[in-house]
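2 protein chains.
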Amino acid sequence: MLDGLFRPGSVALIGATDKEGKIGHAIMKNIVESGYRGKIYPVNPGREEVLGYKCYNSLSEINDSVELVVILVPATAVNSVAEEAAQCGAKYLVIISAGFKEVGKEGLEREKELLAICRKAGMRVLGPNCVGLVDTHTPLNASFAKGTPARGPIAFISQSGALLVSILDWSMEMNLGFSKFISLGNKSDLNEADFIAAAADDPDTRVILCYIEDVVDGPYFLETVQQASLKKPIVILKSGASQAGARAASSHTGALAGSDLAYEVAFKQSGVLRARTMEELFDLAESFSKHPLPGGDKVAIITNAGGPGIITTDWVEAQGLTMAGFQKETTQILRHKLPLEAGVYNPVDVLGDARAERFETALSLVLDDEGVDSALVLLCPAATTEPERTAEVIVAAQEKFADKPIFAAYMGGPFLEEGARMLAESGIPCYTFPERTVTALRGMVSYSQFLKQHKQKEPIRFKDIDQNRVKAILYDVLRDQRMVLLGNETAAIAEAYGIPAAPVKLAKDAAQARAIAEELGYPVVLKVASPKIMHKTDVGGVKLGLQDADEVEQGFMEILDRVQKHFPDTALYGVEIQKMMPKGKEVIVGMMDDVQFGPVLAFGMGGVYVNLIEDVSFRLARDLTVPEIKEMITETKAYTLLRGFRGENPSDIDSAVDIIARLACLTLDFPEITEVDLNPVFIYEQGASAVDVKITISWD
Amino acid sequence: MLDGLFRPGSVALIGATDKEGKIGHAIMKNIVESGYRGKIYPVNPGREEVLGYKCYNSLSEINDSVELVVILVPATAVNSVAEEAAQCGAKYLVIISAGFKEVGKEGLEREKELLAICRKAGMRVLGPNCVGLVDTHTPLNASFAKGTPARGPIAFISQSGALLVSILDWSMEMNLGFSKFISLGNKSDLNEADFIAAAADDPDTRVILCYIEDVVDGPYFLETVQQASLKKPIVILKSGASQAGARAASSHTGALAGSDLAYEVAFKQSGVLRARTMEELFDLAESFSKHPLPGGDKVAIITNAGGPGIITTDWVEAQGLTMAGFQKETTQILRHKLPLEAGVYNPVDVLGDARAERFETALSLVLDDEGVDSALVLLCPAATTEPERTAEVIVAAQEKFADKPIFAAYMGGPFLEEGARMLAESGIPCYTFPERTVTALRGMVSYSQFLKQHKQKEPIRFKDIDQNRVKAILYDVLRDQRMVLLGNETAAIAEAYGIPAAPVKLAKDAAQARAIAEELGYPVVLKVASPKIMHKTDVGGVKLGLQDADEVEQGFMEILDRVQKHFPDTALYGVEIQKMMPKGKEVIVGMMDDVQFGPVLAFGMGGVYVNLIEDVSFRLARDLTVPEIKEMITETKAYTLLRGFRGENPSDIDSAVDIIARLACLTLDFPEITEVDLNPVFIYEQGASAVDVKITISWD
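Just so you know, the protein sequences line up as chains A and B, in that order.
For the record, in the first sequence the residue sitting at position 487 is 487 according to the working numbering, with numbers rising by one throughout.
For the record, in the second sequence the residue sitting at position 442 is 442 according to the working numbering, with numbers rising by one throughout.
Hints may be right or wrong, so weigh each one.
Where chains are identical, the list cannot tell them apart; a pair therefore holds if satisfied intra-copy or between any two copies.
As the list claims (entries may be wrong) - Cross-link-like lysine to aspartate or glutamate pairs, in silico, EDC-like; alpha carbons within 20 Å at most:
| hint | residue 1 | residue 2 |
| --- | --- | --- |
| 1 | Lys637 | Asp654 |
| 2 | Lys91 | Glu223 |
| 3 | Lys112 | Glu317 |
| 4 | Lys231 | Asp569 |
| 5 | Lys268 | Glu631 |
| 6 | Lys112 | Glu675 |
| 7 | Lys39 | Glu20 |
| 8 | Lys400 | Glu388 |
| 9 | Lys146 | Glu388 |
| 10 | Lys232 | Asp64 |
| 11 | Lys19 | Glu48 |
| 12 | Lys29 | Glu48 |
| 13 | Lys536 | Glu648 |
| 14 | Lys337 | Asp201 |
| 15 | Lys39 | Glu388 |
| 16 | Lys532 | Glu518 |
| 17 | Lys337 | Asp260 |
| 18 | Lys231 | Asp480 |
| 19 | Lys637 | Glu614 |
| 20 | Lys400 | Glu357 |
| 21 | Lys146 | Glu386 |
Hint data in this document are derived by calculation from the structure and do not stem from the laboratory.
Could you build the full structure based on these sequences and the hints that come with them?
Shown next, in the form of structure tokens:
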């Protein structure tokens, strides 16, 4: 994918110059010095030659097809160059020039026009307002960043050009190699999802890193990234997570980013690892690019010092990994082969006087244990410590146990330096302090678990759904120009989608109220039906626990009386009669619509203090599966409650799963539904019942 | 404090040798090469000279007073050397030798004997089983670690010798200077608290770092560290936080460490910053040792790139710091002086083409704003970037605004290296990625806030407490050899300490039950009184909501009947009659005893699902103050509830504060109380009432 962009047969640079300090010089130099083997056409009217290459007055003068055109002329001249490129049969444009969407209305118009030109000609665009791109394997550096990164397996896609330049400069001193550097710029055409997809199919890339402030197209992002993350690990640092950060991001990009919560959930469901810090982003990059993927979360620690072993054990548990429990045999042989004072449980303490052999013994034994998925070697400097030979031992063990990653922390300075360097060069990332290693391992385990869980992704489908009934109801609501549905309408929608809800019917007069109550059975609740009246209880619009037809009739009259006193001019639809349901465990199920990712479902504990307890777990409705819903439920305290707390009988968790699945279908089928609130839902030992169903619609 | 240990006039080294590779050589070499200016006496029978110093056959042969004796002979010979040192008038022993408490029973006996010898002679001991100590300002390196750390203001105290050696080696390549290195070893005599106190009074130390696995003496630690942290920041990495880590720590040190929760609270209340990782420990060390303390939590960011500005803004908020809001004037001048496209709110974006002057302008303006407590400068490499000149600008600004710390992140590699080095050398810590800087700043702000809050620490005292009444009750409990108190006893204890609780009296017969109920008023609750019966409701031992004397009499008989059927052989104390209290907001107040730190108080939301909601905040009873109790309450969701949630009236929070304060007094006055459970406590709009008071005693 995007082959002509990353491996073009020819590149034209519009605005090339040999004036040092100019961007047109920097890019030309990069193209040439990166060792690009295709044809290079500098374009700049009035120049004969740039850096030894014949220079052209215009694209059309080249008289050859040009696959990739890099443009850095002033913004006002870009679109006519694009027209010319189209005429010359160019396939890809990289537009470095600024002065588009990011500068306001005029720029936005210019960008739209640019896009129209390119769409018409079938040209794809990176930028505008970007630093360019690098492919180290082609090789091609079509950017104005200083220097070309070392070749390697990391693709780095950045919405911030400055960050890309920073990382390039930083990586010069690191032991990190990159396959691609892509500066997204304004993302007028090609965006993060396109490049993630391309990198996922790129044989030179093992891990995909992104820095983004927003995504351009939520559904496309989800669809693309879900596929891509099954092929390669994707690690994203998305900024704007905090309120202040979101404000700063929106003033920076002018984009409507969607809620950070929706991003969090979108990443989780599509297997993206979200890095919290820059350090974590690159530690994960290094780990994924060098290590085998661990089969599970069980870590063995081998150390020559007690204290660091305990510190690391703490961090292993803090990161949600598991300290491996060794098989009896492993412990016995360790006890036999190590000195008497050695620790033979996990962490294995080979003692301060350990030479490389003792590390070798311990490492082989624990890696051979099937209860161990990865190993972490801690080395502190002591008189007999052999940092280089221990490094050799670690490298050999990694070769022998190729499916269990080994991490190392060489805790010291000059004394351990050479050993640490040997490890790094042999592909075993080695830090001074062990915690970073553990955090990186945590990311690898998460990805490994994602791959296992997502092998068989079965979409949710129901056959007993009556879409037409919902359409009919929404038709009436639309005709009324209402945003909020009446109780009888929401109950009917729930029923149409198989969501168990307390039956509600609308009574226009007292006689009808009697008849409905008789039909539903007692006790019943009466509520005034009017989308305009928000606080129904306060105006006497609600009656609870009515036990017979007479009470219902009387209640009906009282409600109408009182409400008409408060709201003489408000049209009433009548009174809703709802069957009172027996109490169960209270949970809430809800949905809110995200501007980028569509319906976000919520599940958690219900009850009076639901907002206080804040026990809510979220998932996107899009592509949701039953195992994901189950996982969503287990993340909450409500789950503990439903399983049976303090000796109570377990509740029907499957019925909660079913409700969430059906709500997902409803909200995907009807995007005009912007908010749903099932609060509370009573979960019984058998079955469940949504007692209050609120649905809000938007007609935009 | 401990002057003779850190700055002795003379040092004897028992076991000195010039055989390379031996510890006795390493220490001798360190003493000599560290530049120690006092007298040096190597002791080793049969040698004439060690490293050019006259060697003695024994201490007594020296014929001069020796202030500090460093011992590294085999464990079995240590105690006789200690005897000899005592006779020679030595003041301090540093015992390097292993083979004491850490090797089991025999070693423990040896260590006890050693301690007895030293106590008798008034000698203080560091170790045994330690690496030794370094004071770079004396200078004296009496350790076998390789090399001497650079001189500086950081005192590092470590319970792990290996970690100390690691950090020493590591620090060789870092820009970090140390005042003292102390390896605690077995802590037979001098422990972490002694050295924290000494470092707090040491004019050469600005910040105190510790790695510990436990503390030796909780109350002494608290008392000492509370004083010390008012003088200097103390940062502790305490391992054993996780369950697996605690197991590893206990098998490593053999110590009963107390719960990690108690440590967490102890650190918090004594102003100790707890580092979560090694990196954080040393980042905080660097920040405290170089920076002025910020006056508050309001951070200004100045950046030449948008993306990194947003990333950093996110992290500022994630760490609980505040993005400063500038005064109108600041923004106006920024707008006037910076280019049109610059961001003039926080983060201030001086744009990619900014030279040093633009950073200078922005930095001066925001630091001059009284709404700003600290500044963070982010620099990304671009063509016009001036990393060195910008460094000069930052250093000058720090000199001008000496009370507002400036942090820097130079986000790049070779291009920014020289500027970053200049900053580091001028005392402005500079990292590649900004997040570490923000985390360190967070620690500094916490310490600054601690200092402000703890200026006036008023102990809690009550005059209306009746200790004797509690003693009388406990006397009866002791006579019965009971661990669990009866309801009437706990109610009486609560009353004696002024804790409002539902009145409970014990009725031995039906007539008494009637009389008590009449006296208390209705409704009442009846409960069988027997410390042996745990699940009283299950055996029919409880009757709720009795409304008159007849119901009480009947209830009394029924309870006795049923309980005697279930437990024919169990002695009953009678039936407790408790007045039923009106419902209020439910909270719990509790206490559990920690082996190291004594009573730990708990406060949180009550109700049926209290264990599920896990809304609990903790404080040590020792030295607790009313503002700390208020802070404790505000940390919980119960606080939101009590303030008035969903339009409810606020509850009497002061009465909750009062209950916690009184419970603190009770549990400090009676350390034999090991557990208290007030669950629930009803908090009313006025006043409160503990409905169920459970107290457990230990007679060890």
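Discussion item. Are any of the numbered hints broken by this structure? If so, which, sorted upward?
Written reply: Per hint list: 2, 3, 4, 6, 7, 10, 14, 15, 16, 17 and 18 violated.
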